[in-house]
Structures are given as structure tokens and as C-alpha cells.
Amino acid sequence: MIGVGRYPHLNGGDGPLAKDPLGLSQVTTPPITAKKIAAWLLEKYASANCPLGSVELLLSPETDIVRPDGMQKPTEPATFDRIELAFNKWEQRCSTHPDNKALFYFCGHGLNKVRQFLLPENFGDPGWGDPFRHNIDFDGLRTGMWSCKARTQIFFVDACRETPFGLLDQIEVTGQSFIKSTFSDAASINCSAAYYATTEGKPAFGPENDVTYFGQAVLKCLNGAGCSNAGGDWIVDSYSLSKALGDMMQHFGRKHKLALSCNPDASGMGTISEPAAPFVIASIRCKNEPEADPAAEIVMKRGADVRQSPAGQDKPLEEEVAPGEWDIKVAFPGGQYGGPISKTYTLLPPVFEGVSVP
Amino acid sequence: MSGNLKIRFAADMPVASVEVMSPDYQTVARLMVEPGREANVHVPSEGSFLRIHLPSGKIVTLTDERGQLDRFVSQAALDTAEGIVRSPRTIRPLPQTKTLRRLREYHNERADFREAAPPDDVEAGETVKLAPDMMARVFDPGNGLIKGRVNSDGDEATWQLGFGNVAVPPARLEIEHPGGRFYAILPANTQSVYARADQIKEGESLLIAVRLATRQPVADTILSYLERGDVYAAEAMVRWVEEAHDLLESKKSDPYAAAVGAYLLLRLRRFDLLRDWARNLANWFDFLPDGCVIWAWQQIYENPSNEGEIRRYLLKAASRGESDATRGLPIYSQGLRLLLDGLSLLPDDLEAREAAARLRRTSGAILWDSPVTAGSKLHRSSFTRSSPIIYDVSFMTPA
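Chains as they are written, first to last, in our numbering: chain A, 20 to 377; chain B, 172 to 570.
Careful, some of the hints might be misleading.
Derived lysine to aspartate or glutamate pairs resembling DMTMM-like cross-links, with alpha carbons at most 20 angstroms apart [unchecked claim]:
hint: 1; chain 1: B; residue 1: LYS177; chain 2: B; residue 2: GLU236
hint: 2; chain 1: A; residue 1: LYS108; chain 2: A; residue 2: ASP144
hint: 3; chain 1: B; residue 1: LYS372; chain 2: A; residue 2: GLU308
hint: 4; chain 1: A; residue 1: LYS362; chain 2: B; residue 2: GLU375
hint: 5; chain 1: B; residue 1: LYS229; chain 2: A; residue 2: ASP324
hint: 6; chain 1: B; residue 1: LYS269; chain 2: B; residue 2: GLU253
hint: 7; chain 1: A; residue 1: LYS274; chain 2: B; residue 2: GLU375
hint: 8; chain 1: A; residue 1: LYS274; chain 2: A; residue 2: ASP312
hint: 9; chain 1: A; residue 1: LYS348; chain 2: B; residue 2: GLU375
hint: 10; chain 1: B; residue 1: LYS229; chain 2: A; residue 2: GLU372
hint: 11; chain 1: A; residue 1: LYS306; chain 2: B; residue 2: GLU280
hint: 12; chain 1: B; residue 1: LYS548; chain 2: B; residue 2: GLU522
hint: 13; chain 1: B; residue 1: LYS318; chain 2: B; residue 2: GLU280
hint: 14; chain 1: B; residue 1: LYS269; chain 2: B; residue 2: GLU205
hint: 15; chain 1: B; residue 1: LYS269; chain 2: A; residue 2: GLU310
hint: 16; chain 1: A; residue 1: LYS362; chain 2: B; residue 2: ASP235
hint: 17; chain 1: B; residue 1: LYS269; chain 2: A; residue 2: ASP324
hint: 18; chain 1: A; residue 1: LYS168; chain 2: B; residue 2: ASP326
hint: 19; chain 1: B; residue 1: LYS300; chain 2: B; residue 2: ASP324
hint: 20; chain 1: A; residue 1: LYS199; chain 2: B; residue 2: GLU525
hint: 21; chain 1: A; residue 1: LYS63; chain 2: A; residue 2: GLU103
hint: 22; chain 1: A; residue 1: LYS306; chain 2: A; residue 2: ASP324
hint: 23; chain 1: A; residue 1: LYS276; chain 2: A; residue 2: GLU293
hint: 24; chain 1: A; residue 1: LYS334; chain 2: A; residue 2: ASP346
hint: 25; chain 1: B; residue 1: LYS318; chain 2: B; residue 2: ASP292
hint: 26; chain 1: A; residue 1: LYS320; chain 2: B; residue 2: GLU375
hint: 27; chain 1: A; residue 1: LYS348; chain 2: B; residue 2: ASP324
hint: 28; chain 1: B; residue 1: LYS487; chain 2: B; residue 2: ASP443
A few chain B residues facing chain A, derived, Cβ under 8 angstroms [unchecked claim]:
hint: 29; residue: GLU373
hint: 30; residue: GLY374
hint: 31; residue: LEU377
hint: 32; residue: TRP539
The following label-pair restraints were derived from C-beta to C-beta distances [unchecked claim]:
hint: 33; chain 1: B; residue 1: LYS177; chain 2: A; residue 2: VAL340; range: 49 to 59 angstroms
hint: 34; chain 1: B; residue 1: GLY479; chain 2: A; residue 2: GLY89; range: 55 to 65 angstroms
hint: 35; chain 1: B; residue 1: PRO349; chain 2: A; residue 2: GLY146; range: 35 to 45 angstroms
hint: 36; chain 1: B; residue 1: ALA287; chain 2: A; residue 2: THR201; range: 45 to 55 angstroms
hint: 37; chain 1: A; residue 1: LEU71; chain 2: B; residue 2: THR198; range: 45 to 55 angstroms
hint: 38; chain 1: A; residue 1: ALA295; chain 2: B; residue 2: GLY207; range: 51 to 61 angstroms
hint: 39; chain 1: B; residue 1: THR298; chain 2: A; residue 2: LEU71; range: 30 to 40 angstroms
hint: 40; chain 1: A; residue 1: GLY89; chain 2: B; residue 2: SER173; range: 45 to 55 angstroms
Worth flagging that the hints you see were computed from the coordinates, not collected in a lab. Quantities reported herein were computed from a predicted structural model and do not represent experimental measurements. For each residue, glycine too, the CB sits at the ideal point set by N, CA and C.
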């Protein structure tokens, strides 16, 4: 898990400015995001056959993390050298058994040209002759990881794309991949799945001092919204997560009025997690006429479980609910939009957006 | 009680993947159903219900006919399930303030209603002015220009392609704006393509959207599913892929559609079905680097010690664009990614390194979430735009 928000050599940094900062500046969200993902792994990740083995966490700026046993542990800064060291330790542990699952999460600045590059804390150090000397070549890293013995490999690239799309066309961007592989290695991997946040610009990356939108989507999906059920068990696998992450990002896009999306690239199916329970994000409003929202009284009911939003309350009514059949009733107590409408809907992960009223 | 469930699609349905679910929300089966056709599946209970994965990305759950073993799916059934009362299909005018959501609805409505330009669009010549500072052109396989049409607002341009023989090199869309150039490779089986430029509320961005429709709606649907990460829905289309490859064998079919099918089988690692079709694609169709890429990767998975063959086909794929790089790129973006990944597995091979560097140099910034290879090249010295440009390339998919 890597979260880089402090970049001394970029705009607003406290170090000597890079010869070309490429329009990049400090970001608050990545260390918060990476810490949350790490916390999820420590507290909520569940798998009957593949329990959590270890977590490597690097944050810039570095902060402490509290483990489930109550012990407070300092983190290390996400400089290139520290990332490389942590990566090597992580890869060696992943390689101890083919049934291990390798999970990689990067949050920070990224440069996307033909290949995806991830920027460590000390990117752009003007003391280096080559400004890209200590970039991380993510595509190379991902293909290089085929030489790792762990047959299930999951990557999340939560990179802030502040550099305008296409600007790098004039620049030869390079990076280091840490690890190499061969043709034979590729054949041995059951699942190599990468999920990329593809949002442009800092506002679409995430709210200040909070988890990125992509990070929020990943957490929701891993916690149960990304489940599918084939064979009686609700699990999050590489394919179900592919679809669910895209749906979740679109949902956040509508909610926050931003252009949010995700690019999944899953090759091979692998189980990622087995959440305690699946859930659906139900987002209920007057889809046909948003002006009717303030006048609407919305009630959703499943047995004794009732969720509601009276007239005058902000809409949509947004709840995390169990999958299944829910009665959804929309009424207009003021009579402005006709009589109540009631229908039963089958809600399944990840997101339900309704209803077509008035 | 278990039984044989029959699922019938009305003629007004698009081809789609149907997920059959048991009453306790388990996925029983996923299968492809085409308009006007039916499919059968054994279910554990008559209480099973259906989820229709539409090409647009919407999933509609149909529960009304539970208890019956003969289900009829039509647009009207989908509308009833969603509580939609739909007036005769039309394209609603766009509001002054445009949002991403509203534009997505527009694209779905347009795909639902028609592929061609509206009848009131006007001829716009070979270079179409898409916005005050934006010019769009479509090049045919011979590098000639195709005349387009533009709408009355001047923000949407449409081209009808429809080449008689699709076993020809691809076409190409280019959009020039003050800061640079955007391109998208168009498979030669493209029937029509349109491009729009809209200022949207989200981030006050400029959204450049491209939509295309080929002669193979199933192939378009497969790529749409994969673009959205709905791999399970795409997996249901494997039956069509087998049929497409049988046609390819008789050289009667469409190598672009066959390549899409091959990509799906490669992703699903269904080498039992892929057999040697990819090698045929690679050897029979020089203009389609994708065939070389798919065959190389099939060898990587099935026969990794065959390094000579793998290397040869990767370099063959990379060399196709030496005279004009964007024309020689793999048609589909997943092919470009696989090509670059494959070349990266030859780090000590000078020719492979040079080929990869050339691809990187000439392809610009790639739009990886586009199903076809598309990218942008900006002129840094003239770049002044402060708000982002967002590109959105996809297939025309009915809602």
C-alpha cells in the first residue's frame, strides 16, 4: 500500500523545485486513502482459504498506523528507495506459496502516456540528471510480477492525473519496474487484474483531506457491494469487481457531479475477498423529474427494515441495504405530483438507482 | 420445481447477455440471446428470474414472470420492470447546461433510434467543423477523406462508412483542436461514426465523445461489456465467437469481428476454442496487427518455450506501422496493451526495445478505456487550456 501526497519537488513543495513539475502539486488524499485501505485489510479482509499474511504500508507524509492488536506502528515515507525495498520484501513473501494473493495499491501522482508511471515522493529531484530516474513503471511492474509465484495478483492504480491528457506526448517518460519476467512466467499466473482510476484533474481525484473517490469505491466494493453469488457464496472476485467498480464510480460521479470512471483490466478470474455480507447501495430519487425530489416522501421497506426520507429532506435517499426484494413507495404529501406509487424491486449489488417517478 | 426455462427475445431487443438467477440470488447461468431468437437453460426453480445485461451497461431485473418457464423479453417488458412509460422512441433535445449523465442518455437514445445522421443534418464536406476551434476528419482505408454531415448546432458530425469489403485496412477519425490532435482507429467494418464536442458541468470540462457502430452488433456488444468490466456478460457471448470463427475459416467473414472474438477467448483463456484461428488472422490479414498479437499471446500461454515464434509475431505486429505509426497500431486498445506487454518480456532484445520505443513515441497518450485504439497528441508549446478535455470513445449501444 503506497500513499504519496507530499512531493517536495513539485509545486507547493518544501524542497527545491523540479526542473519541470509538469503542472503537478501537493495532494492531501493519498496518504489518507492508503491508510484506509491498509486498515480495511487489517480489520475487515476475510478469506477462508487465504488469510491476511502481511501489509507493507508507505505514506508521504508518514504517519502512525494502529494495528488491530492496539500497537502503534510508524510508517515509512514513500520515497523511491523505500518503495523498492518494501516491494522486494513484499514480492518475496508473495512468492512463498502459489496460492498466495498479492495485492498492490498505489495512490498518488501518476503520469499516463502509453505506459502508466507512478511517482514516488522524491520525483523530480533537480539533483538528478534524469528527471524520471526514479519513476515507477507500473506496466513493467505488473508484467514483471508474473515471475512472482503468487498466482493471484490484484493491482489498484489510484493515480491523480493532474497533467493534462496528451501533454506528455512531447516527453520521453521512463521508469523502473523493480522486477522482470519471461514468457514462461506469464503462463503460470491464474489471475492478474489491474483497476485504474481514470479521472482527470485534482477535483475528480477526491475531496480534500479525505479518501479518494476511487478509494471509496474500492472499499465499498470489497466490503460487499462488489459481490457476486455463483455457487451459494457471496464473494468479490476479479470479474465481479471489474463491473462493480465501474458502476460505483459512475454512482459517485452522479452524486458529486464529477466525471468519474474506472478502467478495469482483469485477465483470469481470482477470488479477492469474502465479505461478511453483501450489500447494495440504494439511491432513490424522482428520476423522471428531479424538481419533484423536495416534495417526495420516499419509503423503502423489507420486512421490519424500513428506510425513509420525508418530504423536504434532501434526496436521493441513499442507504446500504441487504440484497433482495424491497418495496419502494414514493408519495407526494402535498399532492403536487399525483398519488403515491409503490413497486417491489429486486436489489442486487452494487448499486440500485431508482425510481422512475413521477 | 426445476425445469427447462425458455427465454425468448422480441425483435426489438438488442443482442444481450442474460443472467439467470435462482430465487436465493445465485447465478444459475449466463447466456447470449439475440433479437427474435430464444435460448433454453435448466433451472432449479420456476421462481428463477432474469437480469438482462444491456450493451449500454444498464442491467434490468425481470421478476414479473416468475413461476413460468417461458419468458418473453421485449423493450416493453424492460420498461415495465423499470416503471418507465416510454413515448415513441425519440431523442430528447439536450439542455443548455449539459452533464455527463444527460449526455450518456443522449448517446443511448441516439443509438436506440438511429445510427445515421438525422435527416436535417447538412453536408459538411471532408473537413467538418465540430466547434469553433475544432476540425474533424475521417480517413478511409486508402487515406482518402470521407465527407461528413453536421447538425444544426454545429456540435455533432456523422460519417457513414459501410465499405463493401471489410477485409481492408482500418479507417481513422482525427479531431484537430488548438492544442493538438485526437485520433481513433476505426475498424473497416464500421457502418457509421459520429463525434460530438460538449462543454459539461462536471469540472467545466470539454467532452469529446465518439460513437461508432459496426456491422457486427454482437462484436460491439462484447467490446462494450469488456469496456465496462462486465467480463461475465462477455463470457456469455462465447457461442457467437465460435460461429464467427467458423465463418472466418471460410473466408466469408469479417476479420475485425473475428479479432474481437479472439480477444474474448484469450481473456477467458479458452484456448480450446481459440485453436489456431489467431494464426490465420495473423497470416491472412496484413493490415490487422491484432491477429499477430493474439497469436503471440496464445503461444505465451500455451507454448511459452516457443520464443522464436512469439518474438516473430510480436515484432510483426509492431512493424506494421513503420511508415505511419497510427495506421499500423493494433485496431483494439487491448491489442496495443498486449503488444507492449509482450515486447516488455524481451528486455534484452534490441529490436523489441526499439519497436516498443517507436510505438510509445508515435502513439501519443493512449485512451486506455476506449475499446478501439485512440489517443491524443498535444502541442505543448501552444497548450493553453485550463480546464480538462475528456475523451469518451465507445460503441453505439441501445439503452
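Going down the list of hints, with the structure as the test:
1. With a C-alpha separation of about 12 angstroms, the suggested pairing of LYS177(B) with GLU236(B) holds against the 20 angstroms cut-off.
2. Simply put, LYS108(A) and ASP144(A) have alpha-carbon atoms about 25 angstroms apart, too far for the 20 angstroms limit, and the pair is violated.
3. Restraint check for LYS372(B) and GLU308(A): satisfied, since their Cα atoms lie roughly 19 angstroms apart, inside the 20 angstroms limit.
4. For the hint linking LYS362(A) to GLU375(B), the alpha-carbon distance of about 38 angstroms lies beyond 20 angstroms, and the restraint is violated.
5. Under the criterion of a C-alpha separation no larger than 20 angstroms, the hint pairing LYS229(B) with ASP324(A) is inconsistent with the structure, at around 27 angstroms.
6. Straight-line distance between C-alpha atoms of LYS269(B) and GLU253(B) comes to about 24 angstroms, which puts the hinted pair past the 20 angstroms bound.
7. The straight-line distance between the Cα atoms of LYS274(A) and GLU375(B) is roughly 16 angstroms, inside the 20 angstroms bound, and the hint therefore holds.
8. Simply put, LYS274(A) and ASP312(A) have alpha-carbon atoms about 14 angstroms apart, close enough for the 20 angstroms limit, and the pair holds.
9. Between LYS348(A) and GLU375(B) the CA atoms are separated by roughly 36 angstroms; this puts the pair beyond 20 angstroms, and the hint is violated.
10. As the CA atoms of LYS229(B) and GLU372(A) are separated by approximately 11 angstroms, the hinted pair is consistent with the 20 angstroms bound.
11. Of the pairs offered as hints, the one joining LYS306(A) and GLU280(B) holds, with about 16 angstroms between alpha carbons and a cut-off of 20 angstroms not exceeded.
12. About 25 angstroms separates the Cα atoms of LYS548(B) and GLU522(B), which puts this hinted pair outside 20 angstroms; it is violated.
13. With a C-alpha separation of about 24 angstroms, the suggested pairing of LYS318(B) with GLU280(B) is violated against the 20 angstroms cut-off.
14. Under the criterion of a C-alpha separation no larger than 20 angstroms, the hint pairing LYS269(B) with GLU205(B) is inconsistent with the structure, at around 34 angstroms.
15. Pair hint LYS269(B) plus GLU310(A) holds up; C-alpha atoms about 17 angstroms apart against a cutoff of 20 angstroms.
16. Proximity of LYS362(A) to ASP235(B) is assessed by CA-CA distance (about 12 angstroms); at most 20 angstroms being required, the pair is judged to hold.
17. For a cut-off of 20 angstroms, the pair hint linking LYS269(B) to ASP324(A) is broken: about 38 angstroms separates their Cα positions.
18. With a C-alpha separation of about 52 angstroms, the suggested pair LYS168(A) and ASP326(B) falls outside the 20 angstroms cut-off, and the hint is violated.
19. Between LYS300(B) and ASP324(B) the CA atoms are separated by roughly 11 angstroms; this keeps the pair inside 20 angstroms, and the hint holds.
20. A threshold of 20 angstroms between alpha carbons decides the hint, and for LYS199(A) with GLU525(B) the separation of about 18 angstroms falls inside it, so the pair holds.
21. Proposed proximity of LYS63(A) and GLU103(A) is contradicted: the alpha carbons are some 27 angstroms apart, above 20 angstroms.
22. For the proposed pair LYS306(A) and ASP324(A), the alpha carbon gap of about 23 angstroms is over 20 angstroms, so the pair is violated.
23. A distance of roughly 32 angstroms separates the Cα atoms of LYS276(A) and GLU293(A); the hinted pair therefore is violated under the 20 angstroms criterion.
24. A threshold of 20 angstroms between alpha carbons decides the hint, and for LYS334(A) with ASP346(A) the separation of about 18 angstroms falls inside it, so the pair holds.
25. Restraint check for LYS318(B) and ASP292(B): satisfied, since their Cα atoms lie roughly 13 angstroms apart, inside the 20 angstroms limit.
26. Note on LYS320(A) and GLU375(B): the hinted pairing is violated, with a Cα-Cα distance of about 39 angstroms set against a maximum of 20 angstroms.
27. Among the hinted pairs, LYS348(A) with ASP324(B) is inconsistent with the structure: their alpha-carbon atoms are about 41 angstroms apart, more than 20 angstroms.
28. Between LYS487(B) and ASP443(B) the alpha-carbon distance is near 25 angstroms, which puts this suggested pair outside the 20 angstroms criterion.
29. For GLU373(B), the interface hint holds, the least distance from its beta-carbon to any beta-carbon of chain A being 4 angstroms, beneath 8 angstroms.
30. With its C-beta approaching chain A no nearer than about 6 angstroms, GLY374(B) sits inside the 8 angstroms limit, and its interface hint holds.
31. This hint is violated: LEU377(B) has a C-beta 11 angstroms from the nearest C-beta of chain A, more than the 8 angstroms allowed.
32. A cut of 8 angstroms between beta carbons decides the hint on TRP539(B): the least distance to chain A is about 5 angstroms, and the hint holds.
33. The beta-carbon spacing between LYS177(B) and VAL340(A), approximately 32 angstroms, falls outside the hinted interval of 49 to 59 angstroms.
34. A C-beta distance of roughly 58 angstroms is found between GLY479(B) and GLY89(A), which places it inside the suggested range of 55 to 65 angstroms.
35. Between PRO349(B) and GLY146(A) the CB atoms are about 36 angstroms apart, so this pair conforms to the stated range of 35 to 45 angstroms.
36. Taken as a hint, the range 45 to 55 angstroms holds for the pair ALA287(B) and THR201(A), whose Cβ atoms sit roughly 50 angstroms apart.
37. The hinted range of 45 to 55 angstroms is not satisfied by LEU71(A) and THR198(B), whose Cβ atoms lie roughly 28 angstroms apart.
38. Distance hint check for ALA295(A) and GLY207(B): the Cβ-Cβ separation is about 44 angstroms, which falls outside the suggested range of 51 to 61 angstroms.
39. Evaluation of the 30 to 40 angstroms hint for THR298(B) and LEU71(A) yields a failure: the beta carbon distance comes to about 58 angstroms.
40. Distance hint check for GLY89(A) and SER173(B): the Cβ-Cβ separation is about 52 angstroms, which falls inside the suggested range of 45 to 55 angstroms.
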